[in-house]
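Chemist: Okay, here's what each chain looks like letter by letter:
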Amino acid sequence: DTAVSQTPKYLVTQMGNDKSIKCEQNLGHDTMYWYKQDSKKFLKIMFSYNNKELIINETVPNRFSPKSPDKAHLNLHINSLELGDSAVYFCASSQIAGRRSYEQYFGPGTRLTVT
Amino acid sequence: QKEVEQNSGPLSVPEGAIASLNCTYSDRGSQSFFWYRQYSGKSPELIMSIYSNGDKEDGRFTAQLNKASQYVSLLIRDSQPSDSATYLCAVRASGAGSYQLTFGKGTKLSVIP
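Protein chains in written order, with my numbering: chain F, -8 to 106; chain R, 3 to 115.
If we strip away everything but chain R, and leave its shape as in the complex, we get:
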């Protein structure tokens, strides 16, 4: 059973701080990693994708991947109240024809003004 684990939170950070969200996965051969943001009552929205070890930055967001440790994280710099949402980690497993994603249960982030 391929699993993706996230701390459910809630994670509370003050406005302007760095929010750090973490995710571990069980399938060592996993190829692609994604972070989605889901506001209450809305659909998941893709905010970052990362495919190789290291850091990938996009605006205030940085995704970090360490395949040896089976760990992927999302950093949000200068957190804003509008960043308050549930963040879902998703992993694409290994194997030909495997285009399904396995989602973690999400971490609820609350940014306090």
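One chain only, chain F, in its complex shape:
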């Protein structure tokens, strides 16, 4: 199946820990994103990564860092986790040229709970 996949689906950890979430897309897209969806269901862009150009939303703490080993992967690393980081994190991808440009396709999400 062509899709955007994320691992793990659930992540429960304690404050202060460091964790990573992995994302892979096999859609052949050239741009990937990380979103945070909080308890009020507001979906907010954190990062976008295209051809090695990283755009960071200015409100994202520098404890969050995206890492892209190649065009099909964009992992999210979080240092020193805080209670307020608890949310669902979605990875997405798109192609920025062509007929269906900018249409973003989402992964299943990772529910992060910080205790």
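Where hints are given, some of them may not hold.
Straight-line C-alpha distance at most 27 Å; calculated DSSO-like pairs for lysine-lysine [to be verified]: (1) F:K62 / R:K110; (2) R:K110 / R:K69; (3) F:K0 / R:K107; (4) F:K58 / R:K110; (5) R:K58 / R:K44; (6) R:K107 / F:K27; (7) F:K0 / R:K4; (8) F:K58 / R:K58; (9) R:K4 / R:K58; (10) F:K35 / R:K4; (11) F:K62 / F:K10; (12) F:K31 / R:K44; (13) R:K44 / F:K13; (14) F:K62 / F:K27; (15) F:K10 / F:K31; (16) F:K32 / R:K107; (17) R:K58 / F:K0; (18) R:K110 / F:K32; (19) F:K13 / F:K62; (20) R:K58 / F:K31; (21) F:K58 / R:K44; (22) F:K0 / R:K69; (23) R:K58 / R:K110; (24) R:K4 / F:K10; (25) R:K44 / F:K32; (26) F:K35 / F:K58; (27) R:K58 / F:K13; (28) R:K69 / F:K13; (29) R:K44 / F:K10; (30) F:K27 / F:K58; (31) F:K32 / F:K0; (32) F:K62 / R:K44; (33) F:K31 / F:K62; (34) F:K62 / R:K69; (35) F:K27 / R:K44; (36) R:K107 / F:K35; (37) F:K31 / R:K107; (38) F:K31 / F:K13.
It should be emphasised that the hints constitute simulated quantities derived from the structure, not laboratory data.
Position chain R against the provided structure of chain F, taking the given hints into account.
Modeler: What follows is chain R alone, placed relative to chain F:
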């Protein structure tokens, strides 16, 4: 600050009726507009994209765009209980290299059998 506004709802419609979902945006130069459906506990799913003024139909869904009024809407004809979900409006802003989308907070739709 580029904003996308939606009525949070809930919007309740009887089965078989037309559901009308509305969205306004602040960036006059916005280029691309999308509607996503999100079921509870699931990820957003793209259902419509629209790029130029007018209507675009796909099955029971019609997206309408009016750039002069900075307004985009989604009509769902013959609403079904399975359409009950939160609908997210997303807008791509203007400017080169701007491929990020700004999402509204979503409208929760409930279709009553």
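Chemist: Confirm or reject each hint.
Modeler: To see whether the hints hold, each was checked on the structure:
1. F:K62 / R:K110: violated (35 Å)
2. R:K110 / R:K69: holds (24 Å)
3. F:K0 / R:K107: Measuring from Cα to Cα gives roughly 23 Å; hence the hint holds.
4. F:K58 / R:K110: violated (34 Å)
5. R:K58 / R:K44: holds (26 Å)
6. R:K107 / F:K27: holds (13 Å)
7. F:K0 / R:K4: It is violated: about 31 Å lies between the C-alpha atoms, which goes past 27 Å.
8. F:K58 / R:K58: Not satisfied, since the Cα-Cα distance of roughly 38 Å exceeds 27 Å.
9. R:K4 / R:K58: holds (25 Å)
10. F:K35 / R:K4: holds (12 Å)
11. F:K62 / F:K10: Status holds; Cα separation ~22 Å.
12. F:K31 / R:K44: holds (14 Å)
13. R:K44 / F:K13: holds (18 Å)
14. F:K62 / F:K27: holds (21 Å)
15. F:K10 / F:K31: holds (23 Å)
16. F:K32 / R:K107: Holds, because 7 Å separates the two Cα atoms, which is no more than 27 Å.
17. R:K58 / F:K0: violated (35 Å)
18. R:K110 / F:K32: Holds, at about 11 Å.
19. F:K13 / F:K62: Holds - the C-alpha atoms of K62 (chain F) and K13 (chain F) are around 13 Å apart, at most 27 Å.
20. R:K58 / F:K31: It is violated: about 30 Å lies between the C-alpha atoms, which goes past 27 Å.
21. F:K58 / R:K44: holds (25 Å)
22. F:K0 / R:K69: Outside the cut-off at roughly 39 Å; violated.
23. R:K58 / R:K110: Roughly 22 Å between the alpha carbons, so the hint for K58 (chain R) and K110 (chain R) holds.
24. R:K4 / F:K10: Violated, because 31 Å separates the two Cα atoms, which is more than 27 Å.
25. R:K44 / F:K32: holds (11 Å)
26. F:K35 / F:K58: holds (19 Å)
27. R:K58 / F:K13: violated (36 Å)
28. R:K69 / F:K13: violated (38 Å)
29. R:K44 / F:K10: The hint holds at about 22 Å.
30. F:K27 / F:K58: Given that 27 Å is the threshold and the Cα spacing comes to 16 Å, the pair holds.
31. F:K32 / F:K0: holds (17 Å)
32. F:K62 / R:K44: holds (25 Å)
33. F:K31 / F:K62: violated (32 Å)
34. F:K62 / R:K69: Violated, because 34 Å separates the two Cα atoms, which is more than 27 Å.
35. F:K27 / R:K44: holds (14 Å)
36. R:K107 / F:K35: holds (9 Å)
37. F:K31 / R:K107: Distance ~9 Å between K31 (chain F) and K107 (chain R) Cα, so the pair holds.
38. F:K31 / F:K13: holds (24 Å)
Hint check: violations occur at hints 1, 4, 7, 8, 17, 20, 22, 24, 27, 28, 33, 34; the rest are consistent with the structure.
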